[in-house]
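Using the hints, build the complex out of the two chains.
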Amino acid sequence: DTEVTQTPKHLVMGMTNKKSLKCEQHMGHRAMYWYKQKAKKPPELMFVYSYEKLSINESVPSRFSPECPNSSLLNLHLHALQPEDSALYLCASSNPGEGAYEQYFGPGTRLTVT
Amino acid sequence: AQKITQTQPGMFVQEKEAVTLDCTYDTSDQSYGLFWYKQPSSGEMIFLIYQGSYDEQNATEGRYSLNFQKARKSANLVISASQLGDSAMYFCAMISRPSGSARQLTFGSGTQLTVLP
Numbered sequence: 001d002t003e004v005t006q007t008p009k010h011l012v013m014g015m016t017n018k019k020s021l022k023c024e025q026h027m028g029h030r031a032m033y034w035y036k037q038k039a040k041k042p043p044e045l046m047f048v049y050s051y052e053k054l055s056i057n058e059s060v061p062s063r064f065s066p067e068c069p070n071s072s073l074l075n076l077h078l079h080a081l082q083p084e085d086s087a088l089y090l091c092a093s094s095n096p097g098e099g100a101y102e103q104y105f106g107p108g109t110r111l112t113v114t
Numbered sequence: 001a002q003k004i005t006q007t008q009p010g011m012f013v014q015e016k017e018a019v020t021l022d023c024t025y026d027t028s029d030q031s032y033g034l035f036w037y038k039q040p041s042s043g044e045m046i047f048l049i050y051q052g053s054y055d056e057q058n059a060t061e062g063r064y065s066l067n068f069q070k071a072r073k074s075a076n077l078v079i080s081a082s083q084l085g086d087s088a089m090y091f092c093a094m095i096s097r098p099s100g101s102a103r104q105l106t107f108g109s110g111t112q113l114t115v116l117p
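Protein chains in written order, with our numbering: chain A, 1 to 114; chain B, 1 to 117.
Chain B extracted, bound-state conformation (with noise of 0.2 Å):
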C-alpha cells in the first residue's frame, strides 16, 4: 500500500523568503509519480509540479521547486520568493498502482501555508 506522510499541518513564511514543505512517502513499486497540489480557501486543487521515481533531475516549474531524494523516500517543495497569493494548502501525493487503465492518487494529510506580509 502506498502513504504520503506530511508532517507540518502548519507553516508561516515572510514574503519574498523561500520555504520548504516536506513530504515523505512509502511504497513497494519501482516506478510511481509525486505530485504537489495546492488549494487555495476557494476550494480548486491546482497542479505544481510533477517528478517520476526515474528522473535524475529535480523537477522545476517557476518558483516551485521539487527536492527529490528517493533513498530518503522524501520529496519536498521548495517556494522560492513567497508571494501573499502562496497562502493555502499544499497536498503531497503520488500515483499508485494501476487499477485497470485508471491510476489513484493518494494523498498526504496537507500543510497550510500562510504567507506574511
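The following block holds chain A by itself, in its conformation from the complex (with noise of 0.2 Å):
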C-alpha cells in the first residue's frame, strides 16, 4: 500500500477561522511533509518531522502549525490565515535515512483564504 491520504480535498475558511489539515500514511514511514504549492510552481517545503520530531521549519509563520501525534499521523493546524496563504497543501512520506527514498505524496487539500 503506497498510499497518503489527506482530508479535507477543499477548504474554504475565513481569515478569523481555525482549521486543521489531516494527513495519514500506513507505509511505516518514519519521515513526513508538509509543502505549500501555488499555481504552476513547483511545491515549497514548509516542514519536516523525523522519528515524529519536527526537524525542518522552513520559517514558516506561526499561523501554521504543524503537529505528529504518532508515526502514521501529520496534522497542520491552521489560524488567522491571510488570502495569500491560499495554495494546494501536500503531504509526503519518506523513509529517513541515508538512503535515496522517493517520497510519496497524497492528493493535496486546496485550501482558499476568504
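Hints were generated in silico from the structure; no laboratory data involved. You can take every hint at face value.
Stretch-level coverage of chain B by chain A, calculated; a stretch enters the list once three of its residues show a Cβ under 8 Å from a Cβ in chain A:
1) 39 to 48
2) 105 to 115
Each pair of labels, with its calculated beta carbon distance range:
3) A:ASN17 / B:VAL78: 38 to 48 Å
4) B:ARG72 / A:HIS79: 43 to 53 Å
5) A:GLN82 / B:ALA81: 38 to 48 Å
6) B:ALA81 / A:THR5: 29 to 39 Å
Beta carbons are placed, not taken as given, at the ideal position from N, Cα and C, and that holds for glycine.
Written as C-alpha cells, this is what we have:
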C-alpha cells in the first residue's frame, strides 16, 4: 500500500477561523512532510518530521502549526490565515536515513482563505 | 546548494510519439538521487522514476526512462508512446544533503506537457 491520504480535499476558511489539515500514511515511513504549492509553481517545503520530531521548519509563519501525534499521522493547524495562504497543501512521507528514498505524496488539500 | 533547472515551461507532443523533458542539476554532493514526478490537474504528485548518482544503468519504468548524463549533469525524462493521460505538469527533483535523518527534495520549475490527439 503506497497511499498517503489527506483530508479534507477542499477547505474554505475565513481569516479569523481555526482549522486543521490531516495527513495519514500506513507504509511505516518515519519521515513526513508538509509542502505548500501555488498554481503552476513547484512545491515549497514547509515542515519535516523525522521519527515524530520536528526536524525542519522552513521559516514558516506561526499561523501554521504542525503536529505529529504518532508515526502515521501528521496535522497542520491553521489560524488567522491571510488570503495569500490560499494554495494546495501537500503531505508526503518517506523513509529517512542515508538511502535516497522517494517521497510519496497525498492528493493534497486545496485551501482558499477568504 | 542544490539547484534543478527545467528550461521548457511547456511542451506539446502528438499521441503515440516519444517526448523528452529536459532537466539539468547542480550539486557539490558526490552522492545524490534524481526523481521525476507527474502532477495532473487533480493535484496529486505521482512518483515516476528514480536515478541514483552511482547507478551505471539508466533507470526505466515502463514507458518512462531517464537519460542520465552525469558529466553534463542532466537527467532527462523520456516518455515513449505518449498517451492523452500523460498530459500533466512534470517536475524533476533532487534529494539534497540530509538534515538529521530526513532528506529534502529540491524541485525544478516544472514542464507542462500536453499530448495532442
